Amino acid sequence: MNYILKYISTFCCRPLVAVVWMLFVLASCIGEKTFAPDERDDRVTLELFTRMNEYALPETRAGSADSDVDTEPYIIVFKDNGSSSYIFEEVAKSYRVPGKNKTYVALKKQTALCKLLLFTNTQDNFYAKSGTAFTSYVFNEENLKTVLEGKTLEQSCDILYTEPLTNPQTDVPFTNPRKKLPLSLVYQPSTTGINDNTTIGTDTDKLQLGRAVAQIVVRNTAANFTLLAVSAVVNAPKRGVLHNLSATAPPAMVSGDGVVDYKKTTGDISGATSNTTGSNPVYLYESGTANNTSLVIKGTYQGKTYYYKMDLLDNNKSKINILRDYRYTFNITEVNDVGHGSVEEAIHAEAFNHIIKITLTIDDTDAYETTRFDNYYLSVSNSHYILYHATTAASSNLVALKLIVKNSGGEIVTGSLSATGGITVVPSSLSVEPGGVQATNVTITIPENLTLGTVTIRYGNIYKEVTVEKRTTAWSDGSTKAAKPSGDFNYYCVSGTATGAVDLLPSNGTARGDTRNITVDDGIILVKRTGTGVATFYLSTALNPGSGSAGEDVSRRIKVELK
Numbered sequence: 195m196n197y198i199l200k201y202i203s204t205f206c207c208r209p210l211v212a213v214v215w216m217l218f219v220l221a222s223c224i225g226e227k228t229f230a231p232d233e234r235d236d237r238v239t240l241e242l243f244t245r246m247n248e249y250a251l252p253e254t255r256a257g258s259a260d261s262d263v264d265t266e267p268y269i270i271v272f273k274d275n276g277s278s279s280y281i282f283e284e285v286a287k288s289y290r291v292p293g294k295n296k297t298y299v300a301l302k303k304q305t306a307l308c309k310l311l312l313f314t315n316t317q318d319n320f321y322a323k324s325g326t327a328f329t330s331y332v333f334n335e336e337n338l339k340t341v342l343e344g345k346t347l348e349q350s351c352d353i354l355y356t357e358p359l360t361n362p363q364t365d366v367p368f369t370n371p372r373k374k375l376p377l378s379l380v381y382q383p384s385t386t387g388i389n390d391n392t393t394i395g396t397d398t399d400k401l402q403l404g405r406a407v408a409q410i411v412v413r414n415t416a417a418n419f420t421l422l423a424v425s426a427v428v429n430a431p432k433r434g435v436l437h438n439l440s441a442t443a444p445p446a447m448v449s450g451d452g453v454v455d456y457k458k459t460t461g462d463i464s465g466a467t468s469n470t471t472g473s474n475p476v477y478l479y480e481s482g483t484a485n486n487t488s489l490v491i492k493g494t495y496q497g498k499t500y501y502y503k504m505d506l507l508d509n510n511k512s513k514i515n516i517l518r519d520y521r522y523t524f525n526i527t528e529v530n531d532v533g534h535g536s537v538e539e540a541i542h543a544e545a546f547n548h549i550i551k552i553t554l555t556i557d558d559t560d561a562y563e564t565t566r567f568d569n570y571y572l573s574v575s576n577s578h579y580i581l582y583h584a585t586t587a588a589s590s591n592l593v594a595l596k597l598i599v600k601n602s603g604g605e606i607v608t609g610s611l612s613a614t615g616g617i618t619v620v621p622s623s624l625s626v627e628p629g630g631v632q633a634t635n636v637t638i639t640i641p642e643n644l645t646l647g648t649v650t651i652r653y654g655n656i657y658k659e660v661t662v663e664k665r666t667t668a669w670s671d672g673s674t675k676a677a678k679p680s681g682d683f684n685y686y687c688v689s690g691t692a693t694g695a696v697d698l699l700p701s702n703g704t705a706r707g708d709t710r711n712i713t714v715d716d717g718i719i720l721v722k723r724t725g726t727g728v729a730t731f732y733l734s735t736a737l738n739p740g741s742g743s744a745g746e747d748v749s750r751r752i753k754v755e756l757k
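In my numbering, the protein residues as written are 195 to 757.
Worth flagging that the hints you see were computed from the coordinates, not collected in a lab.
Predicted model only: the values in this text are computed from it and were never measured.
We treat Cβ as the ideally placed atom computed from N, Cα and C, and that holds for glycine.
A hint or two may mislead.
[Claimed, not checked] Distance windows between CB atoms, simulated:
1) D508 <-> A446: 45 to 53 Å
2) S384 <-> A417: 33 to 41 Å
3) A327 <-> S384: 36 to 44 Å
4) S680 <-> T704: 47 to 55 Å
5) N486 <-> T442: 36 to 44 Å
6) P371 <-> D682: 48 to 56 Å
[As the list claims (entries may be wrong)] In silico SDA-like links for lysine to any residue, alpha-carbon gap of 25 Å or less:
7) K303 <-> T420
8) K757 <-> V631
9) K458 <-> T326
10) K658 <-> R706
11) K511 <-> G629
12) K323 <-> K303
13) K658 <-> S602
14) K513 <-> G629
15) K551 <-> F567
16) K323 <-> F368
17) K457 <-> L401
18) K345 <-> T326
19) K675 <-> I656
20) K339 <-> T420
21) K675 <-> K658
22) K373 <-> G497
23) K302 <-> F333
24) K309 <-> F368
25) K457 <-> Q317
26) K658 <-> A705
27) K373 <-> N275
28) K457 <-> K513
29) K302 <-> K345
30) K302 <-> T369
31) K339 <-> T467
32) K287 <-> A306
33) K339 <-> T364
34) K323 <-> C351
35) K309 <-> E284
36) K457 <-> T346
37) K551 <-> F368
38) K513 <-> V631
39) K323 <-> K511
40) K374 <-> T467
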């Protein structure tokens with residue numbers, strides 16, 4: 195018996211041991227593959243650092259939290275062909291390393307300049323436009339390659355579309371069930387080509403991706419009216435492009451593609467709380483004025499409920515384009531008469547903008563600090579940028595402000611951007627053709643140990659200074675800072691808007707229905723940290739009526755960003 199056992203142990207188990215050993219080695223290799231980037235001679239593996247972009251200036255509450263943004267974007271590479279065009283080269287799906295909280299993408303090494311088109315929070319399908327026809331494709335690498343082969347970056351952005359909406363759309367898109375908002379970005383690496391030195395964002399300065407939709411919020415301050423809901427949206431775009439290279443114009447509506455209405459058989463699509471739909475915003479794909487997009491507002495006037503059709507107008511009563519990644523707040527200031535008795539009556543009637551008076555706050559010159567000279571003007575989203583970042587190390591890739599310059603004259607207007615204290619600023623020059631408009635993010639890098647500096651913008655005969663401030667003190671979760679004269683932000687403030695891990699509160703510290711937007715009459719706004727994630731808020735200031743020395747002598751906007 196001992197002999198048999200010894201035989202089994204010595205001979206029979208050897209193959210088993212070998213098999214087990216081989217399985218162990220294979221498992222180790224598989225595990226190594228899972229936790230380590232792929233390396234090949236013709237490829238380089240890069241780590242990605244991305245986050246959701248601002249709801250462009252001012253920001254909104256995020257349609258999805260930063261932590262809900264898909265962490266495996268598609269990266270589409272376009273290579274400079276030497277003739278001022280970037281031609282499709284490849285598409286790669288990034289991958290998340292389990293347990294490491296890191297995202298990588300393996301790209302072909304390149305020696306020519308490249309631009310990267312990033313997509314994340316993708317839908318199940320994308321649509322490719324050919325003339326006036328759209329073809330559906332499952333959203334994957336193979337299909338993107340098939341559609342984009344031989345295309346330039348411009349051509350690719352022109353033909354790639356989202357999934358279409360249904361008509362009628364019985365819920366606001368992306369809300370029921372709640373879905374992540376499609377995000378995109380065109381990014382040009384600082385390196386020539388793609389190699390081991392190429393970066394796609396950094397751990398502390400992530401690339402900001404922009405949403406494919408705009409956000410619409412309706413508020414009411416009219417004393418004789420109570421806002422109950424947005425009951426319907428009329429003539430909303432049926433679909434949107436996945437990425438728009440233009441910062442100032444929506445894509446042209448495709449002939450025959452049509453528009454849709456948002457409406458329910460019974461009920462409202464966006465309910466209001468405390469006279470605002472801020473907690474239930476409406477999302478729209480980009481819409482040009484030719485669509486005649488409008489809202490149907492429900493509210494109480496003189497004790498009865500009525501419905502009012504409202505065209506999307508600016509403060510000069512002109513129709514506006516609705517642009518992606520922008521937030522539009524329509525504030526009802528006055529109601530002068532009764533509306534319609536039903537949603538359907540309002541939908542099929544003329545707009546009641548002569549009865550229901552509104553003001554519009556928008557990421558445009560209406561919300562900016564604007565300086566005019568002759569036939570041109572310069573507008574900035576804010577003239578003070580404050581960064582909270584608990585490190586003395588350099589902070590890079592910061593969107594300090596957005597700049598809009600317009601030229602209504604007959605000659606080219608040029609300008610420049612420069613900075614003090616070693617701050618680098620992009621772009622460094624401006625040039626606008628007659629009749630042209632240029633809108634751009636002003637990106638800066640704050641050098642090590644710098645706490646205060648200035649960005650100077652010159653455009654024709656216009657001169658504008660923007661203060662840049664870095665605070666390295668930590669802002670802990672649950673703590674509150676005050677925006678008031680002699681407070682943490684030494685300004686007399688009248689309003690604010692925020693996104694990310696902060697709440698905006700009145701001076702008594704009690705939260706209102708909407709903690710992302712606030713208007714006060716005592717000059718004090720409290721800002722409470724509600725987590726450790728990134729956040730951005732804007733403060734609008736005015737002269738302190740109670741003092742000749744405190745507060746601002748002109749209205750201005752301050753952008754505060756928490757890293």
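Please flag the earlier hints that this structure goes against, numbers listed from lowest up.
-> 1, 2, 4, 5, 6, 7, 8, 9, 10, 12, 15, 17, 19, 20, 21, 22, 24, 26, 27, 30, 31, 33, 36, 37, 39
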